[in-house]
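Here UniProt numbering is used: the first residue of the sequence shown is 1, the next is one more, and so on.
Don't take every hint at face value.
Okay, derived cross-link-like pairs now, SDA-like style, lysine to any residue, Cα gap no bigger than 20 Å in a straight line [to be verified]:
1. 140 - 3
2. 52 - 28
3. 113 - 32
4. 113 - 73
5. 81 - 95
6. 12 - 103
7. 103 - 6
8. 103 - 157
9. 103 - 9
10. 140 - 32
11. 156 - 64
12. 81 - 32
13. 103 - 57
14. 81 - 18
15. 156 - 95
16. 81 - 6
17. 113 - 56
18. 140 - 76
19. 12 - 95
Think of the hints as simulated: they come from the structure by calculation, not from any bench. Since this is a predicted model, take the numbers as computed values, not measurements.
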Amino acid sequence: MPGEISLVEIMKLAGTEIGVSDWITVDQTMIDTFADATLDHQFIHVDPERAKAETPYGGTIAHGFLTLSLLSAMNYSALPKIREQTMGINYGFEQIRFMSPVKCGARVRGRFKLAETRLRGASMLMLTYDVTVEIENERKAALTATWTTISQFDPKDRPEES
Numbered sequence: 001m002p003g004e005i006s007l008v009e010i011m012k013l014a015g016t017e018i019g020v021s022d023w024i025t026v027d028q029t030m031i032d033t034f035a036d037a038t039l040d041h042q043f044i045h046v047d048p049e050r051a052k053a054e055t056p057y058g059g060t061i062a063h064g065f066l067t068l069s070l071l072s073a074m075n076y077s078a079l080p081k082i083r084e085q086t087m088g089i090n091y092g093f094e095q096i097r098f099m100s101p102v103k104c105g106a107r108v109r110g111r112f113k114l115a116e117t118r119l120r121g122a123s124m125l126m127l128t129y130d131v132t133v134e135i136e137n138e139r140k141a142a143l144t145a146t147w148t149t150i151s152q153f154d155p156k157d158r159p160e161e162s
């Protein structure tokens with residue numbers, strides 16, 4: 001669905017799936033870079049030989065928070081740009097569940113259902129998504145979450161409430 005959409009149009013899509021992102025490959029370089037940024041160098045993430053020998057995963061796995069953080073990139077490839085938006089804000093998450101590990105080399109994508117929209121103040125639209133991060137060729141999702149963002153817009157563009 002990428003492209004542009006108006007505030008009024010996006011609000012009408014509440015309750016529907018509005019986007020599926022492109023696939024993203026989670027490779028060892030990405031995992032190592034994330035480990036460096038977060039200071040989380042647990043061997044299951046950064047030591048392929050040891051992870052292969054000592055874990056049931058056959059090698060390293062991505063940090064759960066790395067998988068979660070990829071939702072930002074997934075958002076850009078899956079969701080339409082709101083025409084009136086001047087800025088997007090990450091408001092927070094509810095019910096994050098890490099369901100299955102993402103093995104090094106796997107591809108993941110996000111599936112976004114717009115659960116709810118709510119005007120807030122003169123210049124904000126809160127959007128709540130039920131998101132699932134799928135792992136290619138796996139039955140079980142990597143994670144599920146409820147994610148709320150805010151679309152900031154000029155007050156003159158505020159739609160009338162129905």
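Structure-based check of each hint:
Proximity of residue 140 to residue 3 is assessed by CA-CA distance (about 30 Å); at most 20 Å being required, the pair is judged violated. Distance check on the hinted pair: residue 52 and residue 28 sit about 13 Å apart at the alpha-carbon level, within 20 Å; holds. The suggested pairing of residue 113 with residue 32 is violated, with an alpha-carbon distance near 31 Å, which exceeds 20 Å. Restraint check: the Cα-Cα separation between residue 113 and residue 73 comes to about 16 Å, which is no more than 20 Å; the hinted pair holds.
At most 20 Å may separate the alpha-carbon atoms for a hinted pair to count; residue 81 and residue 95 exceed this at roughly 25 Å. Among the hinted pairs, residue 12 with residue 103 is inconsistent with the structure: their alpha-carbon atoms are about 37 Å apart, more than 20 Å. Of the pairs offered as hints, the one joining residue 103 and residue 6 is violated, with about 38 Å between alpha carbons and a cut-off of 20 Å exceeded. Taking the CA atoms of residue 103 and residue 157, the gap is about 45 Å. The hint is violated against a cut of 20 Å.
A hinted pair counts as satisfied when its Cα atoms are at most 20 Å apart, and residue 103 with residue 9 does not qualify at roughly 38 Å. The straight-line distance between the Cα atoms of residue 140 and residue 32 is roughly 24 Å, outside the 20 Å bound, and the hint therefore fails. With a C-alpha separation of about 41 Å, the suggested pair residue 156 and residue 64 falls outside the 20 Å cut-off, and the hint is violated. With a C-alpha separation of about 31 Å, the suggested pairing of residue 81 with residue 32 is violated against the 20 Å cut-off.
The suggested pairing of residue 103 with residue 57 holds, with an alpha-carbon distance near 7 Å, which does not exceed 20 Å. For the hint pairing residue 81 with residue 18, the CA-to-CA distance comes to about 12 Å; that is within 20 Å, so the pair holds. Only pairs whose Cα atoms come within 20 Å are accepted, and residue 156 paired with residue 95 is rejected, the gap being roughly 34 Å. A threshold of 20 Å between alpha carbons decides the hint, and for residue 81 with residue 6 the separation of about 8 Å falls inside it, so the pair holds.
Taking the CA atoms of residue 113 and residue 56, the gap is near 32 Å; set against the 20 Å cutoff, the hint is violated. Distance hint between residue 140 and residue 76 is unfulfilled; the C-alpha atoms sit about 24 Å from each other, more than 20 Å. Of the pairs offered as hints, the one joining residue 12 and residue 95 is violated, with about 24 Å between alpha carbons and a cut-off of 20 Å exceeded.
Against the hints set out earlier in the document, violations occur for numbers 1, 3, 5, 6, 7, 8, 9, 10, 11, 12, 15, 17, 18 and 19.
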